[in-house]
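Student: Protein sequences, first through last, are from chains A and B. When we follow the working numbering, the leftmost residue of the first sequence carries the number 1, and every step to the right adds one. When we follow the working numbering, the leftmost residue of the second sequence carries the number 1001, and every step to the right adds one.
Hints in this document: simulated from the structure, not taken from any laboratory. Beta carbons are placed, not taken as given, at the ideal position from N, Cα and C, and that holds for glycine. Watch out, some of these pointers could steer you wrong.
[To be verified] Going by beta-carbon spacing under 10 angstroms, a handful of chain B positions derived as facing chain A:
| id | residue |
| --- | --- |
| 1 | Q1308 |
| 2 | A1319 |
| 3 | Q1326 |
One letter stands for each residue in the lines below.
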Amino acid sequence: MKPLTATVFVVDDDEAVRSSLRLLLKSVGLPVSLHASAQEFLASYDPAQPGCLVLDIRMPGMSGLELQRHLSLRGAIIPIVFVTGHGDVPMAVEAMQYGAFDFLQKPFRDQDLIDRVQRAFEKDASTRRDLGEIGRIQARLASLTAREREVLVLVTSGKANKVVAAELKVSPRTVEIHRARVMEKMETQSLAQLVRMVMEVERHR
Amino acid sequence: MPRPDTPSFEFQALLDAAVDAVILIDNHGVMEVFNHSAELLFGYTPEETLGQNVSMLMTGRDRHHHDGYLERYIRTGVAHIIGVGRDVRARRKDGHEFPAFLSVGRIAGSEPPRFVGFIQDMTLRHQALAAAQRERDRASHYLEAAQTILVALDLDHRVTLINRTGSEVLGRDEQSLRGRDWLQSVVVPAQRARVAGELEGLVGSEQRRPLHSEYSVLNHDGAERLIAWRCVVLEGTEDGPVGILCSGEDVTDARRAELAARESSEQMMHVSRLATMGEMATGISHELNQPLTAIANYAHAGSRLLAQSEPDLADVREALEQIAAQALRAGEIIRRLRSLVKNRITKREPASINDVIEELGPIVRADARANDVRVVLDLAPDLPIVSVDSVQIQQVLLNLLRNSIDALAAIPAGQREILVSSLRNDVGDIVVAVADTGPGVVPEVLERLFMPFVTSRAEGTGLGLAISRTIVEAHKGRLDYEPRAGGGARFVVTLPSEPEPSA
Chain A
1 MKPLTATVFV
11 VDDDEAVRSS
21 LRLLLKSVGL
31 PVSLHASAQE
41 FLASYDPAQP
51 GCLVLDIRMP
61 GMSGLELQRH
71 LSLRGAIIPI
81 VFVTGHGDVP
91 MAVEAMQYGA
101 FDFLQKPFRD
111 QDLIDRVQRA
121 FEKDASTRRD
131 LGEIGRIQAR
141 LASLTARERE
151 VLVLVTSGKA
161 NKVVAAELKV
171 SPRTVEIHRA
181 RVMEKMETQS
191 LAQLVRMVME
201 VERHR
Chain B
1001 MPRPDTPSFE
1011 FQALLDAAVD
1021 AVILIDNHGV
1031 MEVFNHSAEL
1041 LFGYTPEETL
1051 GQNVSMLMTG
1061 RDRHHHDGYL
1071 ERYIRTGVAH
1081 IIGVGRDVRA
1091 RRKDGHEFPA
1101 FLSVGRIAGS
1111 EPPRFVGFIQ
1121 DMTLRHQALA
1131 AAQRERDRAS
1141 HYLEAAQTIL
1151 VALDLDHRVT
1161 LINRTGSEVL
1171 GRDEQSLRGR
1181 DWLQSVVVPA
1191 QRARVAGELE
1201 GLVGSEQRRP
1211 LHSEYSVLNH
1221 DGAERLIAWR
1231 CVVLEGTEDG
1241 PVGILCSGED
1251 VTDARRAELA
1261 ARESSEQMMH
1271 VSRLATMGEM
1281 ATGISHELNQ
1291 PLTAIANYAH
1301 AGSRLLAQSE
1311 PDLADVREAL
1321 EQIAAQALRA
1331 GEIIRRLRSL
1341 VKNRITKREP
1351 ASINDVIEEL
1361 GPIVRADARA
1371 NDVRVVLDLA
1381 PDLPIVSVDS
1391 VQIQQVLLNL
1401 LRNSIDALAA
1411 IPAGQREILV
1421 SSLRNDVGDI
1431 VVAVADTGPG
1441 VVPEVLERLF
1451 MPFVTSRAEG
1461 TGLGLAISRT
1471 IVEAHKGRLD
1481 YEPRAGGGAR
1491 FVVTLPSEPE
1501 PSA
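Build the full structure now, drawing on both the sequences and the hints.
Tutor: Shown next, in the form of structure tokens:
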């Protein structure tokens, strides 16, 4: 597996623009990966790689907007900073509607680019963190037995052990044992955290 | 005078040689002479007719009249049939009736009067006439049924015949047109002289080729109809031309539709050439953005590298070299743009600058209306012709007008006005000025006004004035700016007028 360092992926058909971006991003210590076309990028990009995409909106062949669609369909969550020319504002608006992170007009100030790249990195990291957490919670949920899952649902809806025991027609003691197993499997000690986990999963469903 | 009971031999020979039937009658209508042709015509022998009343040769109606004619003539001396001749119905011995022409003359000096009658068999003549009439009827039927206009004129251009379609198109009936001068009463005044010339040429030419001509006629309510005509000379039997026959097709609506189609396609070409200009500017600005972006990035990178405690000088050198290379690349793009604009001058034609301005009307008015801008034209009449690519000059003017419209957004709606004027300056050049009541050009921008990429607008390419000046200069003219007296901007296009043809 490749090292998961956040990288700036640059896709621009203009060689001079690509090279200048490489030098600029290198001067501020950001790892760069250059691509001359959308197709070339798609062929080599692994969605697990974190970072952000600096994407020219107007390119021969597959345009920046089309690449954005392709990435969405692949479930790639990498934030996209579009780079546009003067007349491309309507395209930029469209890109934003499809969930682009931000856009920059050529030519741009270096600090504007660097700021956007930094914020895109943060956004990418937090999304990946969230997704990673959800993934872990879902994995833990999957390890519960059917009875444990019933107990989880009733407990996180705020019902006391005795009420749960009555509804499930088992002894309160049995409920206590199941509840302890649920807490153990979900790797938490507090009911509040358990509730939050359930809510998170619901939210991402 | 002795009454010759029997004609002399010579007289009889003369009578018998006559082609017409000849009959002599007395004042009671009694036949005294019945010649050979009369025998052949009526089938009677002289013996059967002499001494009999002439009415035996007539049919019932004419028989009755005949005696009356004689009596009346004798009584009044006024000839009805006598001395005049008339068409009658005659009857042969076998009862067959036939048309005849009877002329009767009084034998001079006879008293009581005696008469000589000449009778011509009109059967063949009548048949021929009837056939000719049928032919005419059929022809006139075709004439009337024809969808085309048919007009026959005599050599003085008077109407001798016009068919129903012609009457309908003109809204006038045949009676009111027949005998009238076609040119004076129907052809629109402006085209009369030309049409007269064409018709004279047709009649005078040896070749007798049909004349194809288009001219307009006036109908009864003064509306013009454009007719496509085909005219041929009507030849008499031996005397040469006797008239002109013209067939015409009403092409008013067809021509109007063609014109509309042509105008709209010209308008489309116009718009597309204007659009191409806009697209070109967008394309060029995109292309120029690449080296400019690269230059900015390399320069920023260079600064940042140098700010590091141990800068990588090789990287800095690369940045500087690339800045130079990209600046040259940008210059090359500009050069290409300029030559592109220059090479686009392919179609210089003599034009009236006022027409060039006025053709922009539809495009500009919509824009102006949408932005509450009043556009006023002040065009000098009788300006000399200029030799220009009209579309390019229109692009320049359109660009100036759009700039003005944009600039006027900064002031209240009621005060937004653009004055477009044309005039001839002291040295004879044509001057077109576009002046607005907007804020004018700020001094900081003034120096670089015509440079590429100088713009005060967020969406502007900054190329409009630069391209416009290139176009005007390619026409050996000038594009200048001056502040408008009383505030606002005034852009002035000066074009050399077409030199007067040297004597």
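Student: Which numbered hints are broken by the structure, listed smallest first?
Tutor: none
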